[in-house]
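Chain A is fixed; fit chain B onto it per the hints.
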Amino acid sequence: MKKNNYHRVIQLLKRESVADVFISFVAVVAALLVGAVIVYISGSSPYEAYKALYEGAFGSTYDFCQTLTRTTPLIFTGLTVAFAFRCGLFNIGGEGQLYIGGMTAAIVGISFTGLPLYIHLPLAVAAGAAAGGAWALVPSVLKARVGAHEVITTIMMNYIGILLCSYLANYPFKAEGWIAQTNVVEPSAQLPRLVASTQLSAAIFLALACVVLTYYILYKTTLGYEIRAVGLNPDAAEYGGISVQKSIVLALVISGMLAGLGGAGEVLGLHKRFIFGFSPGYGFDGIAVAVLGRNHPVGVVLGALLFGALRNGGMVMKQMTNVPTDLVVAIQGIVILFVAAPEMFRIFRRIKKGGIKNAF
Amino acid sequence: MYAVEMRHITKRFPGVLANDDITFSVLKGEIHALLGENGAGKTTLMNILYGLYKQDSGDIYLNGQKVDITEPNDAIRLGIGMIHQHFMLIPPFTVAENVVLGIEPEKNLLLDREKAIKDVEEISQKYGLIVDPKAKIQDVSVGIGQRVEILKALYRGAEILILDEPTAVLTPQEVEELFKIMRSLKEEGKTIIFITHKLKEPMATCNRITVLRKGTLVGTVDTGKTDISQLAKMMVGREVIMEVEKPPHQPGEPVMTVKELEAYNDLGIKALRGVNLILRKGEILGIAGVEGNGQLELVETLTGLRKASAGKILIHGEEMTNHSARNIIEAGVSHIPEDRRKRGLILDFSLAENLILGSHFKAPFSHGFQMDYDSVYDYAGDLVDAFDIRTTGIHSQVKYLSGGNMQKVIVARELGREPDIIIASQPTRGLDVGAIEYIHQKILEMRNGNKAVLLVSADLDEILSLADRIAVIYEGKIVGERDPRTVTEEELGLLMAGGSA
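Those sequence lines, one after another, are chains A and B. If you read the first sequence in the numbering used here, its first letter stands for residue 1, the second for the next number, and so on. If you read the second sequence in the numbering used here, its first letter stands for residue 361, the second for the next number, and so on.
Next up, chain A with everything else stripped away, as it sits in the complex:
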């Protein structure tokens, strides 16, 4: 037994190779430094700006809870991208899956009355997951059957999903008033608030449960073994008796379900209703989170926390120091640039050495 625990530790260390963690860490530090230069050039004090940013994100219980609130959807969408990527798929459709999941959860939350919480809430959450999964099913089947590239099809599904939600929130399910939103969901379908007078809801527990679940699926189950095998080398996976098509469909559908859960969490936890435009692009930010988190569930949590803190702290920073929140977006971009940089340097070196054609 002791030997096997040792094995596990070794396996963990090897998989999350130290280099991965190091690259992400250096990228964040470097991005913050570049951000400081930008602030300095634009005539403000980097120290004051970052102090405000930090305090805005972690300065008080309230601030920290708000940071976690911003972190929650990013965990979901980060997992969405990371999970699909483990099967070699780029799920750019997180945004659409999030919208559809949120809308479906809202509809279930509004439509049933008189159900007890322990039935209604799980039902609404499950409906959100199922809808997100269904939205990813179309691209996954197209990919598995005819090889249509999932980047194209998931982006197309984004438009369909978001516009469909716009229609539903403007016409059939529109609440009184001029805002494109649904009615408030039944109390029996609401995720409870965790800390009084903050927006933090139990959705964060749902997100953390998904982190554990995705880790379990990827690294402890036969399905996860097959998904990772297909992601790393589909030819060898096929040779090993793994159905590549089946793995692609399952991976993308599970990925879509994670996004759908994210939408359900926002709707049932934060807003208590579907509001059109509730996501400022969480589905796309999920790509950045997954890249920074190196497509590992635990890395996703850390990446989401960083971006959540930047987003939340950025607002305080703007109020206190006049440094615009755009800085936060710039830092996010620079982080991604630096995470990707080692690979770029490798390519540059090869171009220098052997010409473009040998570089890739």
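Careful, some of the hints might be misleading.
To be verified - 30 angstroms max Cα-Cα, derived DSSO-like pairs, lysine-lysine:
1. A:Lys220 / B:Lys494
2. B:Lys722 / A:Lys220
3. B:Lys593 / B:Lys574
4. B:Lys478 / B:Lys641
5. B:Lys722 / B:Lys802
6. B:Lys641 / B:Lys593
7. A:Lys246 / B:Lys426
8. B:Lys606 / B:Lys837
9. B:Lys630 / B:Lys702
10. B:Lys574 / B:Lys478
11. B:Lys672 / A:Lys246
12. B:Lys496 / B:Lys478
13. B:Lys667 / A:Lys246
14. B:Lys478 / B:Lys540
15. B:Lys606 / B:Lys558
16. B:Lys540 / B:Lys475
17. A:Lys246 / B:Lys630
18. B:Lys388 / A:Lys220
19. B:Lys759 / A:Lys246
20. B:Lys702 / A:Lys246
21. B:Lys486 / B:Lys388
22. B:Lys574 / B:Lys702
23. B:Lys606 / B:Lys630
24. B:Lys802 / B:Lys630
25. B:Lys619 / B:Lys837
26. B:Lys672 / B:Lys722
Think of the hints as simulated: they come from the structure by calculation, not from any bench.
Just chain B now, kept in the frame of chain A:
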């Protein structure tokens, strides 16, 4: 006068000392073999000479002059030409167009085709490199493609030619012709460096042989003053058993029967045109043939990785045509694929994860939904010991293993599953002598244990020494079956080239 002198060359790659203080010289107008196992540093040394790598220390002299070669253009300017294992030709272009590519003769801003053809014919006649300048590369054989590569180098004025393992892709007849060309090039005063890991070849063609082992120089010998067993000893560092011991074989009942099998290749061209085979227990059936005659398609169709368009496959008497790869694995068929990096291994997976690929869905490794990684690790540890895989541990990624150890991982996985039928495709290609010896022994053990082995190999020596029966494949058909004890290499070569023997 030395045409080439490389003095005290050292080249280090991360974690590997590829060339350790190697001093090597080639006389003008000789054929000089650079002999060594994979990873001995032969190609690295020549890539330095050709400017693809820069040495960490050491100097290069050409005709007594110190030179600084930092890129292939320098090497070409200095009269060095290199013919790589993988050709760099453009298939839809003609032979002449390929030869002049990059330094084309021009007339009114356009390619002067006639002059190109005339130029190519001229060199081709001078050195006995017979080609049709107007033929398209996609229509010519591998042997001709190689001649075109040599012509390209000569057209650029090469006086020193480096040939990197040129015989690996040729039929025995084509090898003979290549040697003839090499001799005539030598007579015209060219200097040739011939990289190889085969022992027989330099004995037949070269004046001197330099042997490398693990990045260091073992020595340079005159061909007339050495023999194959001395070379083998220099190359491997110990005595090598060159012949495999094979007890007489007693073929049993048929376990796999293939009837009129047809299949298409990836380009949609029919690659199998009615293959018939019977594989029996306790025998090794060798499939000989020049690469690209349907071997890959045959193996893939038999293992469920490619759809058969017609015909039948029976395994243990049961029809298994177009069954899934998983069904065929479950029927007791193991497969050692020819492309170990692309098909056989998941390079970013750990050794342990690779060792269960294909059994990962079965007990004790999987309990349906959940994996049991404890038993995976136990099993992997056992296999690493049993098959003597040299590794830092079962959790390290296989991409860090040497080629020989990668192949051992595949062999361990496929044989460790205790199959009834083993389909092995090019199982020793690119491996060093020690690993080849080991894998041959394992394949024989399987046969002696009354398993059936289908051995597909482009290496005639391998087929001749291991197989109990030899079937020759040509253009997607079995064109003949021979007994390895009585057949000659010439006869097999003729069959492989499509002639009737």
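The hints, checked one at a time:
1. Restraint check for Lys220 of chain A and Lys494 of chain B: the C-alpha separation of about 60 angstroms exceeds 30 angstroms, so the hint is violated.
2. As the CA atoms of Lys722 of chain B and Lys220 of chain A are separated by approximately 14 angstroms, the hinted pair is consistent with the 30 angstroms bound.
3. Distance hint between Lys593 of chain B and Lys574 of chain B is fulfilled; the C-alpha atoms sit about 14 angstroms from each other, no more than 30 angstroms.
4. About 58 angstroms separates the Cα atoms of Lys478 of chain B and Lys641 of chain B, which puts this hinted pair outside 30 angstroms; it is violated.
5. Simply put, Lys722 of chain B and Lys802 of chain B have alpha-carbon atoms about 25 angstroms apart, close enough for the 30 angstroms limit, and the pair holds.
6. At most 30 angstroms may separate the alpha-carbon atoms for a hinted pair to count; Lys641 of chain B and Lys593 of chain B exceed this at roughly 36 angstroms.
7. Distance restraint check for Lys246 of chain A and Lys426 of chain B: the Cα-Cα separation of roughly 61 angstroms exceeds the 30 angstroms cut-off, and the hinted pair is therefore not satisfied.
8. Distance hint between Lys606 of chain B and Lys837 of chain B is fulfilled; the C-alpha atoms sit about 29 angstroms from each other, no more than 30 angstroms.
9. A C-alpha spacing of about 23 angstroms is found between Lys630 of chain B and Lys702 of chain B, which places the hinted pair at or below 30 angstroms, so the restraint holds.
10. For the proposed pair Lys574 of chain B and Lys478 of chain B, the alpha carbon gap of about 46 angstroms is over 30 angstroms, so the pair is violated.
11. A threshold of 30 angstroms between alpha carbons decides the hint, and for Lys672 of chain B with Lys246 of chain A the separation of about 27 angstroms falls inside it, so the pair holds.
12. Note on Lys496 of chain B and Lys478 of chain B: the hinted pairing holds, with a Cα-Cα distance of about 16 angstroms set against a maximum of 30 angstroms.
13. Of the supplied pair hints, the one linking Lys667 of chain B and Lys246 of chain A holds, its CA atoms being roughly 18 angstroms apart against a limit of 30 angstroms.
14. The hinted pair formed by Lys478 of chain B and Lys540 of chain B meets the criterion: a straight-line CA distance of about 23 angstroms does not exceed 30 angstroms.
15. As the CA atoms of Lys606 of chain B and Lys558 of chain B are separated by approximately 22 angstroms, the hinted pair is consistent with the 30 angstroms bound.
16. The suggested pairing of Lys540 of chain B with Lys475 of chain B holds, with an alpha-carbon distance near 27 angstroms, which does not exceed 30 angstroms.
17. Taking the CA atoms of Lys246 of chain A and Lys630 of chain B, the gap is about 28 angstroms. The hint holds against a cut of 30 angstroms.
18. For the proposed pair Lys388 of chain B and Lys220 of chain A, the alpha carbon gap of about 63 angstroms is over 30 angstroms, so the pair is violated.
19. For the given pair, Lys759 of chain B sits about 26 angstroms from Lys246 of chain A by alpha-carbon distance, which is consistent with the 30 angstroms threshold.
20. A threshold of 30 angstroms between alpha carbons decides the hint, and for Lys702 of chain B with Lys246 of chain A the separation of about 20 angstroms falls inside it, so the pair holds.
21. Distance restraint check for Lys486 of chain B and Lys388 of chain B: the Cα-Cα separation of roughly 19 angstroms lies within the 30 angstroms cut-off, and the hinted pair is therefore satisfied.
22. At most 30 angstroms may separate the alpha-carbon atoms for a hinted pair to count; Lys574 of chain B and Lys702 of chain B meet this at roughly 26 angstroms.
23. As the CA atoms of Lys606 of chain B and Lys630 of chain B are separated by approximately 37 angstroms, the hinted pair breaks the 30 angstroms bound.
24. With a C-alpha separation of about 34 angstroms, the suggested pair Lys802 of chain B and Lys630 of chain B falls outside the 30 angstroms cut-off, and the hint is violated.
25. A C-alpha spacing of about 11 angstroms is found between Lys619 of chain B and Lys837 of chain B, which places the hinted pair at or below 30 angstroms, so the restraint holds.
26. With a C-alpha separation of about 28 angstroms, the suggested pairing of Lys672 of chain B with Lys722 of chain B holds against the 30 angstroms cut-off.
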